[in-house]
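Make the complex out of the two chains shown on their own, each in a separate frame, by following the hints.
Chains as they are written, first to last, in our numbering: chain A, 1 to 372; chain B, 1 to 304.
The set of hints was computed from the structure by calculation and includes no laboratory data. Glycine residues also receive a C-beta, built at the ideal position from the N, C-alpha and C atoms. Certain hints may be false.
[Stated by the list, open to error] Going by beta-carbon spacing under 7 Å, a handful of chain A positions derived as facing chain B:
(1) Leu201
(2) Val327
(3) Tyr345
(4) Trp362
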Amino acid sequence: MSAALLLLAALAVLSALAALPLGVMRVLGALGLAALCFAIARHALGDAAALLAALLLGAAALRLAPPRVLRRIAFLIPSFALLVTVTTALMYLAPGSPFAQERALAPSVEAALRERYGVPESAFAFFQSYAERLLVAGDLGPALKVQGRTVAELLAPALPVSLALGGSALLLALGLGVALGVRAGLRPNSAVDHASMGLALLGISLPNFVIGAALVIVFALRLGWLPVAGWGGFASVVLPSVTLALPYAAVIARLARAGTVEAMRQDFVRTARAKGLPERTVVWKHALRPALMPVVSYLGPAAAGILTGSFVVETLFGVPGMGQWFVKGAINRDYPVVLGTALFYFALVSLFNLAVDLAYAWLDPRTEQEAA
Amino acid sequence: MSFREPASAAGARSEPQMNAVVGRGPWILAWRRLRKNRAALAGGVLLLAIVGACLLLPALLALDAHATAPVLRHTPPSPGHWLGTDALGRDLLARVLVGGRTSLAVGLAATLASVLIGVVWGGAAGLLGGAADEALMRIVDFLYGVPYMFLVILVMLLFADTARGEALPVFVALGLVQWLTMARIVRGQVLALRGSDFVLAARAVGASGPRILFRHLLPNCLGPIVVYATLTVPSVIILESYLSFLGLGVELSWGQLVAEGVAVVNPIQSRWWLLAFPSAFLGATLLALNFLGDGLRDALDPSG
Chain A
1 MSAALLLLAA
11 LAVLSALAAL
21 PLGVMRVLGA
31 LGLAALCFAI
41 ARHALGDAAA
51 LLAALLLGAA
61 ALRLAPPRVL
71 RRIAFLIPSF
81 ALLVTVTTAL
91 MYLAPGSPFA
101 QERALAPSVE
111 AALRERYGVP
121 ESAFAFFQSY
131 AERLLVAGDL
141 GPALKVQGRT
151 VAELLAPALP
161 VSLALGGSAL
171 LLALGLGVAL
181 GVRAGLRPNS
191 AVDHASMGLA
201 LLGISLPNFV
211 IGAALVIVFA
221 LRLGWLPVAG
231 WGGFASVVLP
241 SVTLALPYAA
251 VIARLARAGT
261 VEAMRQDFVR
271 TARAKGLPER
281 TVVWKHALRP
291 ALMPVVSYLG
301 PAAAGILTGS
311 FVVETLFGVP
321 GMGQWFVKGA
331 INRDYPVVLG
341 TALFYFALVS
351 LFNLAVDLAY
361 AWLDPRTEQE
371 AA
Chain B
1 MSFREPASAA
11 GARSEPQMNA
21 VVGRGPWILA
31 WRRLRKNRAA
41 LAGGVLLLAI
51 VGACLLLPAL
61 LALDAHATAP
71 VLRHTPPSPG
81 HWLGTDALGR
91 DLLARVLVGG
101 RTSLAVGLAA
111 TLASVLIGVV
121 WGGAAGLLGG
131 AADEALMRIV
141 DFLYGVPYMF
151 LVILVMLLFA
161 DTARGEALPV
171 FVALGLVQWL
181 TMARIVRGQV
191 LALRGSDFVL
201 AARAVGASGP
211 RILFRHLLPN
221 CLGPIVVYAT
231 LTVPSVIILE
241 SYLSFLGLGV
251 ELSWGQLVAE
261 GVAVVNPIQS
271 RWWLLAFPSA
281 FLGATLLALN
291 FLGDGLRDAL
301 DPSG
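Excised from the complex, chain B in its bound form (with noise of 0.2 Å):
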């Protein structure tokens, strides 16, 4: 990562006048890069309006997701339902837009979890060192040798109690096998910078272990954090689509919607509908979140 680029030659082509040597912050450099990025701009604006549209569309237009209305079972697209109905006659506009919000708020708090989890792992990991590093890396290359789904599946068990549907073991479950990868890139971040001359100077002025970790090199890993991260939420999506296609998703997700739609595929009728638009939906969001992962990595790390 060279995060501090020599901020005089940056300053020096664009401000020619004396002593106006204006420091940029790496964010800001970055930002530059990756506006000058085509796709990723346009990943980033498909994202907002899906995000947009899944929050607000429904109180605009006052759909509902749960009115069934038996007389319109299977409608194709109509005036009246611009993307058809389902079996129970249920509006399947609303029922996208309302199940987008549970697939990204799924992919967001999974996210979320798998950051806490490794970077707190990897980072202790670097920090100690030694053998505590080899433990707690032992139980990483572990886990990464059992196929998740398993986990995913064994960890929701947990939550039997609750009711079939609900989100939080889903979370939970995502969140627990997602951190894997992230706790492998930040030891790595921590370890290359935990010999820098900054670090030593910070020990040297008799900065605690935690301090360290959270002022010094937590900060200098951002990037590829942010990175990570944001190519986790489209396979935490994902994987919750499996597990609905399975049966044992969240109500009414992208996951589930597109599972229905599979399950109605048969060689008489072609309900077409059911299965192309929460595909569209679900397709063009983790498209749009990998354009912007890639378009953020190549801003950060302008040298990969």
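Bound-form chain A, shown alone (with noise of 0.2 Å):
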């Protein structure tokens, strides 16, 4: 019951927090941005000098940043607080207890297990006492199903591998996909173009890990040019990160191609090649940055795709990223474990989407005199 009731009030101060005037938010954004830094850098620099860093970080957000940015920081902390709650209900109400065993345990064991790993009953304390942990010690908490380990220590050396394999994924969707999608766009209806937009849907048509599969049978197996899976040096990075950015490419070289479609139609191009230029120019220089801001409001949601799609590669490939121990901590009830984690993905989706959103207010202005 204690978890419903906790799910109903994140979401009112969500909502709530969607009724403030712009200005307000804007603030609201720098002191998020202050406090969220002062909370990370007091461990490693001590208080005095995170406040101090965190001060200047925020002023100079409130100058610098545009607003749209300072809105959406402004949406993180709650948002962050929301991701916790959304989590510990959903876990809380969920059948099963991280202390099931085949035998029952006796209640007064249960208990002491309970008090130990700081595990309540109810999620209104287990919430209670997670977010004092973490905001006051920084502390992700024990794993309460592998021995002797803290989630810290779980996610540390796994976090890099995710953010490898993540990274490299996305910018090869993205290399491949615009360069695909704007060859066919600039000749629609052509060889290239068919050619192109037939193997993207296929790429849209297929699990990934069918395509990693087949890219495995090839390159691993016939071929013995990549090794079959692990992690371990450039050569074993390669068959994962393509066998996810694969599904990605495809999507945005279909964004690509109806971008620059329609921007090779806009009265700006035809102005650009009756003044002269080179069609080169006019394509690098005019036409490829309007063309191209459907991909980048995409990349958001492409990150997060990514993400989640890693979790069927790592499997794949026994890749040791973060998604083996949130798959993990789920089935166990390992509620410590699958709060880190769902931390740690959500705060790289969140930091993506900011860089996409400076991004975007820097590839088109317009977007913020909208805003403004």
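Structure (structure tokens):
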């Protein structure tokens, strides 16, 4: 019951925030950024230096950052709180307990275990103690099902692996997708167009683990160029990141093609051609920027999707990333592990969305004027 | 959306006689455009063929997806078993066809759920406007930021008491994460239409909020809803296959069969049929749905 209440309260807070005017949101955003900076930096720098750095960063953000970005930051802190609440509430609503075993535990034993690991019976109490531990000590808590390890110890080696895999996949998807899509869009209905769009349609019509298995069969088993699975060294990164990237490269290619076709029809392209600019300049300097706007706004969802896909790709290729811990944690009801991975994934996607917003404001100044 | 093409212009071209301005509904115009799109039609026909095969063939050929035959383990495709058999000697053709029913049902049911939630949520946001709109869309934004596999797995935990491989948890979980884009699309459409004259007229004669939403606004949003729903089915089927791959999916679906096929990939013995045939069925269905969805989009939104 307390789980459902927790959920409703968090939703109410997030919705209430939506009613605030933009000016207030900007200030809240700067404050939020300062608070986040303080919370993270104090463990590294100490309280005084962290406070100074946080204030400087907040002031700089208020002066320099576009309102759209500040507003997103203002939503960030309640969003993190909401993420923890939603996850806690769902885990507590789900049947099963982290301490369930084949033989029923004596109530006193279970109570002792709950006490020792900081997992009280009620969702609300758990949320309270988790938030307190996280904010005051920066501690993600102990893993319940991996003896003697903390969540931080489990995730620390996995984070760089997931970052490397996701980052290389995103870059690959972007490069491949834009190259194919723009080429196709410059010559609509040509052979190049039909070939690359057919390929793209195939890319979104197969689950990525099928593509991955096919790549393994060809490049690892038949040709022996690349390792079948595992992690370590450049060669082992290639197949997982290509597998992860291909479906997103396909979507990006479709978006880039549509954008290019649209941009090449615009008056300013005709003007550029009319004044005698070489075609290369017309495309690169004039058409490309508006053509790729849809791609830029797709990057946020693409990042979230690539992280989702990485659950599967990590399993397929035996990559020691964070996805495995989330899946294991969820199945084992290992609450702190699930929350820890959720926080990391959400932070990654949020950071990335912020970067996309900044890029968008830089690419298309008009969006800022509308927001202000 | 240019739904209201001047009927007179279309009529004048084909029917020269006077006073015979035949109004053509937007759906008829869309159907005409769709009929000219060969890729979309091929997709539609292929889809019908696959659905028909999955529904009818197992009964017609008296196939049993569960009958095991230890002697016939891992037989390659042969006259007795057209697509070969799996590790327990079960006929792969039967399993692919019966599994197709599951995958298609998951795709349909989860899409239906996502349409329902998305239309109500997005419609409410667009119609109410102001702070309510902001609040509803903030929640959508928040959910967008969470990798959806997360939510799917967490929601599926709620059904942990039901047996592994049951379909219901997967329906619910996939439906619950797929409605976000639908809500955004419907909200955008409703916002754009809200200020139009016919809504003003309905309001002036005293129509209630829900009546305006369901009688006036939603019928005009139907085009984008249909298009996006068609494109949601393949993404739901793919998501289900991810879940199957992680061991959380529905019992006997294409996703599960493909995952089994991937699991037997090894350097020593090739059991290619276990991977190739389920993947081919899955891929063909998704390809058909994507072709059809793209064709519908072009047919219903000729401006885009």
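Status of each hint after checking the structure:
{"no.": "1", "hint": "Leu201", "verdict": "holds (6 Å)"}
{"no.": "2", "hint": "Val327", "verdict": "holds (6 Å)"}
{"no.": "3", "hint": "Tyr345", "verdict": "holds (5 Å)"}
{"no.": "4", "hint": "Trp362", "verdict": "violated (21 Å)"}
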